[in-house]
Amino acid sequence: MTALAWLVPVALLLGALGLAAFMWALRSGQFEDLEGAAYRALEDDPLEDDDIGKE
Amino acid sequence: MTAHTAADRLTQTAKGVSPAGAAATLTLAIENMHCGGCLRSVERAALKVPGVRTARASLAAKRVSMVYDPDRAGAGDVIDALQAAGFAAAAIEAGKQSRDDARQNYLLRRVAVAGFAAMNIMLISIAVWSGEASDMDPALASAFRWVSALIALPTVAYAGQPFFSSALGALKGRRLNMDVPISLAILLATGMSLYQTLRGGQQVYFDAAVSLLFFLLVGRFLDETLRVRARGEAQNLLSLQSGMATVIEPGGAQLQVPAHALRPGDRLLVSTGERIGADGVVLEGTGQVDQSLITGETAPLTVSSGQEVYAGSLNLTRPLRIEVRAADSATLLAEISRLMLAAEQGKARYRRLADRAAAIYAPAVHGLGLATFLGWLLVGASWQTAVTYAIAVLIITCPCALALAVPAVQIAAASRLFRRRIIVKAADGIERIAETDMVVFDKTGTLTVGRPQLIEDERISDDALTAAAGLACASKHPYARAIVAAAEQRLGRAVPASGPEEVPGCGLKRTLKQGEERIGSAEWCGVESGGEESEVWYRRDSQAPVRFRFDDRVRSDAGDVVAALRSRGYRLALLSGDRIAVVERIAREVGIETWRAELKPTDKIAWLDQRAAEGRKVLMIGDGLNDAPALAAAHASMSPASAADISQRAADFIFQGEKLAPIVDAISTAKQARSMALQNFVVALVYNVICVPLAMAGMVTPLIAAIAMSTSSILVTANAARLAGRGSP
Numbered sequence: 001m002t003a004l005a006w007l008v009p010v011a012l013l014l015g016a017l018g019l020a021a022f023m024w025a026l027r028s029g030q031f032e033d034l035e036g037a038a039y040r041a042l043e044d045d046p047l048e049d050d051d052i053g054k055e
Numbered sequence: 056m057t058a059h060t061a062a063d064r065l066t067q068t069a070k071g072v073s074p075a076g077a078a079a080t081l082t083l084a085i086e087n088m089h090c091g092g093c094l095r096s097v098e099r100a101a102l103k104v105p106g107v108r109t110a111r112a113s114l115a116a117k118r119v120s121m122v123y124d125p126d127r128a129g130a131g132d133v134i135d136a137l138q139a140a141g142f143a144a145a146a147i148e149a150g151k152q153s154r155d156d157a158r159q160n161y162l163l164r165r166v167a168v169a170g171f172a173a174m175n176i177m178l179i180s181i182a183v184w185s186g187e188a189s190d191m192d193p194a195l196a197s198a199f200r201w202v203s204a205l206i207a208l209p210t211v212a213y214a215g216q217p218f219f220s221s222a223l224g225a226l227k228g229r230r231l232n233m234d235v236p237i238s239l240a241i242l243l244a245t246g247m248s249l250y251q252t253l254r255g256g257q258q259v260y261f262d263a264a265v266s267l268l269f270f271l272l273v274g275r276f277l278d279e280t281l282r283v284r285a286r287g288e289a290q291n292l293l294s295l296q297s298g299m300a301t302v303i304e305p306g307g308a309q310l311q312v313p314a315h316a317l318r319p320g321d322r323l324l325v326s327t328g329e330r331i332g333a334d335g336v337v338l339e340g341t342g343q344v345d346q347s348l349i350t351g352e353t354a355p356l357t358v359s360s361g362q363e364v365y366a367g368s369l370n371l372t373r374p375l376r377i378e379v380r381a382a383d384s385a386t387l388l389a390e391i392s393r394l395m396l397a398a399e400q401g402k403a404r405y406r407r408l409a410d411r412a413a414a415i416y417a418p419a420v421h422g423l424g425l426a427t428f429l430g431w432l433l434v435g436a437s438w439q440t441a442v443t444y445a446i447a448v449l450i451i452t453c454p455c456a457l458a459l460a461v462p463a464v465q466i467a468a469a470s471r472l473f474r475r476r477i478i479v480k481a482a483d484g485i486e487r488i489a490e491t492d493m494v495v496f497d498k499t500g501t502l503t504v505g506r507p508q509l510i511e512d513e514r515i516s517d518d519a520l521t522a523a524a525g526l527a528c529a530s531k532h533p534y535a536r537a538i539v540a541a542a543e544q545r546l547g548r549a550v551p552a553s554g555p556e557e558v559p560g561c562g563l564k565r566t567l568k569q570g571e572e573r574i575g576s577a578e579w580c581g582v583e584s585g586g587e588e589s590e591v592w593y594r595r596d597s598q599a600p601v602r603f604r605f606d607d608r609v610r611s612d613a614g615d616v617v618a619a620l621r622s623r624g625y626r627l628a629l630l631s632g633d634r635i636a637v638v639e640r641i642a643r644e645v646g647i648e649t650w651r652a653e654l655k656p657t658d659k660i661a662w663l664d665q666r667a668a669e670g671r672k673v674l675m676i677g678d679g680l681n682d683a684p685a686l687a688a689a690h691a692s693m694s695p696a697s698a699a700d701i702s703q704r705a706a707d708f709i710f711q712g713e714k715l716a717p718i719v720d721a722i723s724t725a726k727q728a729r730s731m732a733l734q735n736f737v738v739a740l741v742y743n744v745i746c747v748p749l750a751m752a753g754m755v756t757p758l759i760a761a762i763a764m765s766t767s768s769i770l771v772t773a774n775a776a777r778l779a780g781r782g783s784p
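For the record, the sequence lines run as chains A and B. Residue 30 in our numbering sits at position 30 of the first sequence, with consecutive numbering throughout. Residue 382 in our numbering sits at position 327 of the second sequence, with consecutive numbering throughout.
It cannot be assumed that every hint is accurate.
Far from chain A, some chain B residues (derived; all Cβ distances over 10 Å) [to be verified]:
no.	residue
1	Gly106
2	Asp156
3	Arg475
4	Val741
Which stretches of chain B does chain A cover? Using the computed rule of at least three CB atoms under 8 Å from a CB of chain A, they are [to be verified]:
no.	stretch
5	111 to 120
6	165 to 179
Computed footprint of chain B on chain A; a stretch qualifies when at least three of its residues, placed anywhere within it, have a C-beta under 8 Å from a C-beta of chain B [to be verified]:
no.	stretch
7	8 to 19
8	28 to 39
If you're looking for bench data, these hints aren't it; they were derived computationally from the structure. Where a beta carbon is used, it is the ideal one built from N, C-alpha and C, also for glycine.
When you get a sec, could you build the whole thing from the sequences and use the hints?
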C-alpha cells in the first residue's frame with residue numbers, strides 16, 4: 001500500500017507534464033493552422049523563416 | 056485636412072502596433088490558396104519583397120501574417136508581389152483577429168486543464184467505487200478523496216471562469232441564462248464534496264463536477280471556434296472585395312491605398328471598370344456609373360462634376376476624379392448606417408432557444424431542490440441529510456445535456472453549411488432562420504445576376520451584330536460587354552474593329568472609307584428614342600439604325616427556388632428600388648405575386664415592420680446598400696457574396712456562387728437543426744424524469760451521478776453529430 005504514496009504523485013506529475021507540453025504547444029502557435037501543418041510536414045527543405053516558437 | 060501623407064497611412068492602417076522604427080506586422084487575406092504548394096508560393100512571394108522579415112501563411116484561415124520593416128516596404132508592395140505570383144490579397148484590420156485568437160486560446164487552455172483533471176479524478180474515483188464493493192481501507196479511500204479535492208478545487212476555480220463570469224453578468228442584468236444553473240451546480244457540488252471530504256463522508260462528487268465542466272467547455276470551445284471561423288471568412292471576403300483605391304497626392308503622385316483607409320478630402324482616380332472606394336463628389340470628368348449595388352437601379356447613371364457618387368458604384372465609361380466626402384456628413388452611407396442601427400436595436404431582444412429553455416428550467420430545478428429539502432425535514436430527517444439530498448437533486452439536474460443540446464447541433468449545422476459555401480455569420484442565425492414563414496427578395500443582384508444581357512431579336516442581323524460587337528470591344532460599358540457576349544454566343548467570336556473612338560456619355564464611333572459608323576445612345580446615333588433607357592443604337596451611314604435592348608438576367612435557378620419555397624408553405628414577396636415596369640416583369644418571370652417597386656430603404660423597413668406587426672417572421676434576402684437596413688430589420692437575413700459590404704455585415708448568412716439554391720439549403724438545414732435540438736431537449740428531459748425522483752428519494756450515489764451525467768452528454772452530442780454526418784442533399 002505504501003507504493004501508492006509515491007505512485008499517485010508520480011502519475012499526477014506525468015499527467016501534468018503532458019498538460020504543460022500542450023500549453024507550450026498552444027502558446028507557440030502550433031494549433032493556429034491545422035490544415036497547413038499537414039502540408040508543411042511534407043516539405044523537404046526547411047523554411048529559413050520558420051519562426052515557430054521564436055515569438 | 057490631415058497632415059498624413061498617403062504613404063504614412065498605408066503602413067499605419069496595415070500594421071498592428073508600430074512604434075517609430077520598430078518592425079510592423081501585417082495580415083493579408085489570400086483569396087485562392089488551397090494546398091501546400093500555394094502555401095509555400097505565398098510565403099516565398101512575400102519574403103522576396105525587400106523589407107519583409109518573416110512571413111507565415113495559414114491554410115485554415117486563408118491568410119498570411121508577416122513582420123516587416125515599415126521604412127522599406129509597405130502593404131501595397133506585398134500585395135503587388137502576391138498578385139504577380141497569382142494570388143489576390145487584401146489587408147485585414149489586425150485588432151479583431153488577435154482578440155478572436157485570444158478568446159479561443161483562453162477557452163482551449165481551460166479545456167485542457169479540465170480534461171487533465173477529469174481523467175485523473177475519474178481514475179481515482181473508480182478505485183474508490185470498486186473499493187466500496189470490496190474491502191478498501193477507509194483511510195485509503197479518504198486519502199484518495201483528498202487527492203481528488205486537491206485536483207478539483209484549483210480546476211474548478213480556473214476552468215469554471217467562463218461560466219461564472221457569464222452567470223454573474225446575467226444576474227447583474229436580472230436575467231437567467233444557462234450559465235446560472237451550471238455555475239450553481241458546479242459550485243454546490245464542489246462545495247458539498249469538500250464538506251463531505253472534511254467530515255470523512257462518502258457523498259463526494261468531484262468527478263461529476265469536473266467532468267461536467269470538461270464537457271461544457273468542449274461545447275463552448277466548439278461554439279467559439281465556429282464563430283471565429285465565420286467571422287474570419289466574412290472579414291476575408293470583405294477585405295478582398297473592397298480592395299485598393301488610387302489616391303492622387305497633392306504633388307501629383309499616385310498611390311494605392313486600401314479603401315477602408317481613405318480619408319475625407321482625399322482625391323481619387325477611379326479608372327474605368329473599377330468600383331468607387333468611398334462616397335464623394337466628382338471633381339472632373341463626365342461619365343456613367345452603375346449604382347445597382349446602391350439603389351437597385353440597373354440602368355447606368357450619368358454623372359458630371361459636382362455630382363455625388365457613392366461607395367460601391369462601378370465606374371463604366373471613363374476615368375473620374377473624385378474628392379472623398381467627410382464620413383460624418385449626410386452621406387447616403389451615414390443615413391443607411393443610422394437606419395441599420397435602429398433596426399438592429401429592435402432585434403437585440405431576440406432570445407436564444409437555450410436561454411428560453413433556461414428560463415423555464417432554472418426555476419424548476421431550484422424549486423425541486425427546495426421541495427426535497429422541505430420534504431425531508433417534514434418527514435423528520437436531520438437538516439444535514441435534507442441539505443445533502445437537496446444538493447444531490449441540484450447536481451443530477453445540472454443542465455449538462457441541456458447546455459450541450461443546442462450548441463452541439465448548431466456546430467454540426469454550421470459546418471454542414473460551410474461545406475456548401477454558406478457562411479453562418481450570426482450565432483443565433485440558425486435558430487432565427489428556422490422560425491421564418493415568409494421570404495422577401497430584393498431584385499437587382501439577388502434574384503437577378505445584376506448584369507445586363509442583350510435581348511435577342513430577329514431584327515438584329517448577324518452583320519449588324521458583328522459590326523456592333525467590333526466597335527463595342529473597345530468599351531467597358533456593361534451594355535457594350537453584353538453586345539460582345541451576345542456576338543460570341545451567336546457567332547462564336549467578336550473581332551475588335553480598328554480605330555474606334557469613345558465619347559463619354561454618348562457612345563463610340565469610327566471613321567470608315569465612306570462615312571462613319573456609330574454605336575451608343577439614340578441621340579448619338581440621330582434617331583428618335585423608343586422611350587426606354589436601357590437601349591443602345593447602332594447606325595452605319597444612312598442605313599437603317601438597329602436597336603439593341605437589354606435586361607438584367609434572372610439567376611438560373613430563381614424560378615425553381617421560388618417554387619420550392621412556395622411548396623414548403625412560405626409566403627413570398629419582392630421589394631425593389633427599381634422602376635415598376637422592370638420589377639413587375641421580373642416578379643412575373645420568377646412567379647412572385649406580391650411585389651413593390653421604387654422603394655426607398657425606409658419604405659422597405661416600413662413594409663417589413665407591417666409584416667412583423669401581422670405576426671410574420673421574415674427572411675430578407677438582399678445585396679444592395681439600400682437593402683442593408685431591411686436586412687438588419689428582418690427576423691433573419693441572407694446576402695450573396697457579391698453584395699455591398701455593409702449588407703454583408705448586416706446579414707446573418709452569406710452564400711457564394713451564382714445560384715439561389717443555398718437559400719433552400721440554409722432553411723432546411725436550420726429546420727433539421729431545430730428539430731434535433733428539440734430531440735436533444737427530450738433526451739435531457741427523459742434523463743431528468745428518471746433521475747430526479749431517485750435523487751429526491753435520496754438514492755443517488757456519486758457513481759450514479761457520474762454515469763448518468765456522462766451518458767446524457769454523450770447521447771446528446773452523438774445525436775447532433777448525425778446532422779453533420781449527412782452527406783450532400
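Status of each hint after checking the structure:
1. Gly106: At about 14 Å from chain A, Gly106 (chain B) clears the 10 Å cut-off, so the statement holds.
2. Asp156: It is violated; Asp156 (chain B) is separated from chain A by about 8 Å at its closest Cβ, not greater than 10 Å.
3. Arg475: Fine: 19 Å to the nearest Cβ keeps Arg475 (chain B) off the interface.
4. Val741: Non-interface label on Val741 (chain B) holds, nearest chain A Cβ at 35 Å vs cutoff 10 Å.
5. 111 to 120: Per the Cβ count (6), the hint holds.
6. 165 to 179: holds (count 7)
7. 8 to 19: Holds: 7 residues of the stretch 8 to 19 of chain A have a Cβ under 8 Å from chain B.
8. 28 to 39: Held - the stretch 28 to 39 of chain A has 8 residues with a Cβ nearer than 8 Å to chain B, which meets the minimum of three.
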